[in-house]
Amino acid sequence: MALIEVSQLQKSFGAIHAVKNVSFSVDRGEVVGFLGPNGAGKSTTMKLLTGYLRPDAGTAIVAGFDVVENPVAAKAHLGYSPEGAPAYGEMTVREFLRFAAELRGLADPAQRVADTLKLCRLEEVAGQSVDTLSKGYRMRVGFAQAVIHDPAVLILDEPTDGLDPNQKFEVRRILKDMAARKAVIVSTHILEEVDELCTRVIVIAQGEVRCDESKERFLQRGADLNQVFRKLTA
Amino acid sequence: MSDQPASPAPRPGAAFWAVLRREFAGFFRTPLAYVFLAVFNAFAISLAFFIGNIYEAGVASLDRFFLYHPWLWAFLAPAAGARLWAEERRQGTLELLLTWPVTVWQAALGKFFAAWLFLGCALLITLPMAFTVCYLGDPDVGVIVSGYVGSFLCAGACLGIAAIASALTRSQVIAFVTGFLACFVLVLVGYGVFDELLSGVFSSGTVDEIRRLGLWRNLEPFTLGLIDLRPTAYFLTVAFAGLGLSTLIVERR
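Protein chains in written order, with the numbering used here: chain A, 1 to 234; chain Z, 1 to 253.
Treat each hint with caution, since some may be false.
As the list claims (entries may be wrong) - Per label pair, the in silico range of CB-to-CB distance:
hint, chain 1, residue 1, chain 2, residue 2, range
1, Z, Gly142, A, Arg54, 45 to 53 Å
2, Z, Arg21, A, His189, 34 to 42 Å
3, Z, Trp105, A, Arg173, 54 to 62 Å
4, A, Gly39, Z, Gly92, 53 to 61 Å
5, Z, Trp17, A, Leu191, 42 to 50 Å
6, A, Val68, Z, Gly192, 50 to 58 Å
7, A, Gln111, Z, Ser46, 49 to 57 Å
8, A, Phe169, Z, Glu251, 34 to 42 Å
9, Z, Gly13, A, Asp66, 54 to 62 Å
10, A, Asp115, Z, Leu136, 58 to 66 Å
It should be emphasised that the hints constitute simulated quantities derived from the structure, not laboratory data.
Cβ atoms here follow ideal geometry from the backbone N, Cα and C, with glycine treated the same way.
Given these sequences and hints, build the entire structure.
Next comes the structure, spelled out in structure tokens:
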């Protein structure tokens, strides 16, 4: 069974049909790039998959657990960084990660925090409060809380948004290092990221899956990815 | 990181305690907590001395000290409770918290008890008042203890109302103002002027029933040394109904 199984997922907000019959699955070792224009339903699909929102219909299964019926078990196997990487601003980076580790009931939380600070290269700002960090560091803190428990499933909503090229490189490097052991979904606006990071591409527009294929096939659609994207999402 | 498998579901209590510790420590992360404690202490004592004339009364008792506690809690419990959910919404951390392996109820209980404990700390700081009365006279210590118990329960009831206000908005200011107004109504219920107002609309039986809902009416027996079932149940019902309702509001996000 795939680590992520999404079947016929639907969600409406009033008259707006944000997610329409979305289905896909992601296996271990895959890094799926979630592409789509703003308001296409990418973030809503991620919120449904992580159990933050309840679907109107359909199922989302993470590591074998239905996120609606068995949310705590599903969430224990899931790492998620929402858009903008929110964090408790008044806490220091170390305190925040420690809280995440304790809430998850991890054994030896101090060691986990130390390992994660090292992995995400946050050691030098560990004692600073999150509010005082630059955007690059904040995004990495969001990433750090998502991987502190070494989850089987990693879902990242625009993890490189607003980062400078060096910071983007850094986040992609960490992701690539751990991707082989996980099922990863990354939403992005940056089409070059597909080539550099992903093994598969899912394009979503107007709440529907417009394309779900390997990176190689996607790249063969045309030399100009912007044009390919426009055509698929029109 | 190691190749160990993904973490299993955490122990049920882990999330509750983690949230409780974080929230409680969170009060002391900003200078606001110390301002809060100072304001509570200053008002609790000066109201008792300058308006309650506790000293001139010449009786070694704290009933005039507790008399003003519903007013204080009506103002300060919403101040402490405003951040419970509103701040999570504003910072966007609600999405984070609720996608961690914690149920909304565990998070809500952790938050609520942390805030209640904080209010308890504010109350504990007024203990020198009790020691002073003990030094100056020979008060009934049991009555003082029951007064403190009643005041703590009253704080919980106001916090329950504040929790609902906080769950409804992302603005701490709006949460505070609505929480305060709701608590303020419960303070007024049972005061003469308010009763007269009500008796113009309702029958005397109904007015009497409404009066039972007032905070002071329920706190008064405690200040006389009586820990009765009815006022205890009243405070706990308001506290936990507020907790429950606020949790349902967050759950329905």
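In rising order, the numbers of the hints this structure does not comply with: Of the numbered hints, 3, 4 and 9 do not hold.
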